[in-house]
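*Asks:* Here is what each chain is made of, one letter per residue.
Number of protein chains: 2
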Amino acid sequence: GKKVLIVYAHQEPKSLNGSLKRVAVEELSKQGCSVTVSDLYAMQFEPRATRNDIVGCLHNSEEFNYGVEAWEAYKRGGLSSDLIEEQKKVQEADLLIFQFPLYWFSMPAIMKGWMDRVLVQGFAHEFPNCYDSGLLKNKLALFSFTTGGSKEMYAKGGISGDIRYLLWPMQHGIMHFCGVKVLAPHICFAPEYVSEEKRKEMLIAWAQRLKTLWKEEPINCSPEWYFK
Amino acid sequence: GKKVLIVYAHQEPKSLNGSLKRVAVEELSKQGCSVTVSDLYAMQFEPRATRNDIVGCLHNSEEFNYGVEAWEAYKRGGLSSDLIEEQKKVQEADLLIFQFPLYWFSMPAIMKGWMDRVLVQGFAHEFPNCYDSGLLKNKLALFSFTTGGSKEMYAKGGISGDIRYLLWPMQHGIMHFCGVKVLAPHICFAPEYVSEEKRKEMLIAWAQRLKTLWKEEPINCSPEWYFK
Numbered sequence: 001g002k003k004v005l006i007v008y009a010h011q012e013p014k015s016l017n018g019s020l021k022r023v024a025v026e027e028l029s030k031q032g033c034s035v036t037v038s039d040l041y042a043m044q045f046e047p048r049a050t051r052n053d054i055v056g057c058l059h060n061s062e063e064f065n066y067g068v069e070a071w072e073a074y075k076r077g078g079l080s081s082d083l084i085e086e087q088k089k090v091q092e093a094d095l096l097i098f099q100f101p102l103y104w105f106s107m108p109a110i111m112k113g114w115m116d117r118v119l120v121q122g123f124a125h126e127f128p129n130c131y132d133s134g135l136l137k138n139k140l141a142l143f144s145f146t147t148g149g150s151k152e153m154y155a156k157g158g159i160s161g162d163i164r165y166l167l168w169p170m171q172h173g174i175m176h177f178c179g180v181k182v183l184a185p186h187i188c189f190a191p192e193y194v195s196e197e198k199r200k201e202m203l204i205a206w207a208q209r210l211k212t213l214w215k216e217e218p219i220n221c222s223p224e225w226y227f228k
Numbered sequence: 001g002k003k004v005l006i007v008y009a010h011q012e013p014k015s016l017n018g019s020l021k022r023v024a025v026e027e028l029s030k031q032g033c034s035v036t037v038s039d040l041y042a043m044q045f046e047p048r049a050t051r052n053d054i055v056g057c058l059h060n061s062e063e064f065n066y067g068v069e070a071w072e073a074y075k076r077g078g079l080s081s082d083l084i085e086e087q088k089k090v091q092e093a094d095l096l097i098f099q100f101p102l103y104w105f106s107m108p109a110i111m112k113g114w115m116d117r118v119l120v121q122g123f124a125h126e127f128p129n130c131y132d133s134g135l136l137k138n139k140l141a142l143f144s145f146t147t148g149g150s151k152e153m154y155a156k157g158g159i160s161g162d163i164r165y166l167l168w169p170m171q172h173g174i175m176h177f178c179g180v181k182v183l184a185p186h187i188c189f190a191p192e193y194v195s196e197e198k199r200k201e202m203l204i205a206w207a208q209r210l211k212t213l214w215k216e217e218p219i220n221c222s223p224e225w226y227f228k
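Protein sequences appear in the order of chains A and B.
Residues 1 to 228, numbered by full-length UniProt numbering, are exactly what the first sequence covers, in order.
Residues 1 to 228, numbered by full-length UniProt numbering, are exactly what the second sequence covers, in order.
Any given hint could be a false lead.
The list cannot tell twin chains apart, which means a pair is met if one copy fits it or any two copies do.
The list that follows gives simulated cross-link-like pairs (lysine-lysine, DSS-like), each with its CA atoms no further than 27 Å apart [as the list claims (entries may be wrong)]:
| no. | residue 1 | residue 2 |
| --- | --- | --- |
| 1 | K14 | K75 |
| 2 | K215 | K89 |
| 3 | K228 | K156 |
| 4 | K137 | K2 |
| 5 | K215 | K30 |
| 6 | K156 | K137 |
| 7 | K75 | K139 |
| 8 | K200 | K89 |
| 9 | K151 | K137 |
Derived from the structure by calculation, the hints contain no laboratory data.
Take the sequences, apply the hints, and build the full model.
*Replies:* See below:
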């Protein structure tokens with residue numbers, strides 16, 4: 001069975017994001033996958049990249065450089081235990097699903113903090129091992145999110161621009177950089193402004209997609225896909 | 001004199017980001033501006049959007065919706081005091097400068113949390129008051145940041161794509177959405193990989209730019225600027 005890590009960022013279990021997460025756990029488990037969830041708000045996950053992430057002495061205590069310190073700490077097994085735990089989950093996973101409501105054209109800060117702190121140099125990338133040769137190659141990622149704005153607002157020529165524009169930093173800048181192949185995003189537009197029935201259809205569509213997920217080809221994660 | 005708020009996210013005062021922040025405070029003060037700094041790490045600024053941001057009872061305690069609760073709390077003066085404090089600083093400012101190291105094609109989580117929590121509906125925007133009629137119109141913003149990657153990597157056709165691609169969510173999705181006009185970004189490429197002398201030149205160039213900043217025209221914040 002495949003291993004899946006769902007990194008989930010919503011405060012409310014009864015939200016559509018909560019339901020989308022549950023649907024994924026159910027459907028993937030039914031397929032025989034082993035599914036782990038990092039429920040970031042429930043874990044009170046720390047988003048701030050600070051000296052607390054490094055156990056013991058610093059490599060350079062004169063001038064704190066987070067990237068260098070996290071890299072050095074990773075190599076000697078000196079990262080804080082919450083980070084080691086998350087890295088273990090990532091290491092074991094074949095597929096990472098990020099489930100969140102879009103905040104300001106991006107992920108909520110608590111999830112950005114997961115990226116900032118978990119994907120350290122040495123673990124997820126290490127020059128020249130980035131992009132296609134990133135250290136997390138052979139894994140897949142999928143961004144599944146809800147929006148406030150409508151599909152029309154996020155169309156090419158719409159007031160908020162093509163939704164793909166805002167996927168570039170997340171899909172290319174983070175996942176592709178680490179060597180992870182990216183599946184097409186799963187987007188529920190403006191669930192707060194549609195009927196309860198429409199929201200149920202959104203859950204069914206997600207469950208439906210998950211049934212054949214392992215047959216999907218990753219996107220071609222290059223500027224053409226985003227900005228053609 | 002003009003009022004400037006510098007939102008600053010670096011752990012180390014001796015860093016180049018720390019120096020860029022100091023240079024801005026000095027140069028703008030010399031011009032007679034009144035300058036306020038929100039030093040996010042020093043403040044241990046909370047990046048997580050949670051129920052703690054709402055003082056007193058919830059609008060809907062059955063199902064927590066952060067956006068709705070923050071909006072309702074704003075209207076009745078019931079946001080947590082750290083948010084009220086930041087909103088006051090924003091309200092008074094003519095110019096917002098965001099000073100940070102680029103983390104994963106975006107701002108560090110602690111600064112994303114500032115955006116998520118401070119720029120609430122009712123304060124920064126309120127449909128149909130968004131984009132050109134956003135509630136923070138008549139203000140300017142400038143993103144000033146350092147990168148890990150070189151200028152060549154962030155060129156059009158470079159491995160990380162045009163640096164402008166990653167500015168879209170921050171400049172258009174956040175600032176323009178709130179009605180703020182955006183000045184050209186100030187980017188110091190790969191300061192960790194250049195000489196001490198080159199880093200000094202970067203500080204001088206920033207001070208130099210600030211001397212005539214108030215004469216600058218905002219960019220035309222439309223897809224053409226980013227993706228031509």
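*Asks:* With reference to the structure, classify each hint as holding or not holding.
*Replies:* Results for each hint:
| no. | hint | in the structure |
| --- | --- | --- |
| 1 | K14 <-> K75 | between (40 Å within a copy, 25 Å between copies) |
| 2 | K215 <-> K89 | within (23 Å within a copy, 52 Å between copies) |
| 3 | K228 <-> K156 | both (11 Å within a copy, 13 Å between copies) |
| 4 | K137 <-> K2 | within (16 Å within a copy, 50 Å between copies) |
| 5 | K215 <-> K30 | within (16 Å within a copy, 62 Å between copies) |
| 6 | K156 <-> K137 | between (31 Å within a copy, 25 Å between copies) |
| 7 | K75 <-> K139 | within (22 Å within a copy, 45 Å between copies) |
| 8 | K200 <-> K89 | neither (30 Å within a copy, 42 Å between copies) |
| 9 | K151 <-> K137 | between (32 Å within a copy, 26 Å between copies) |
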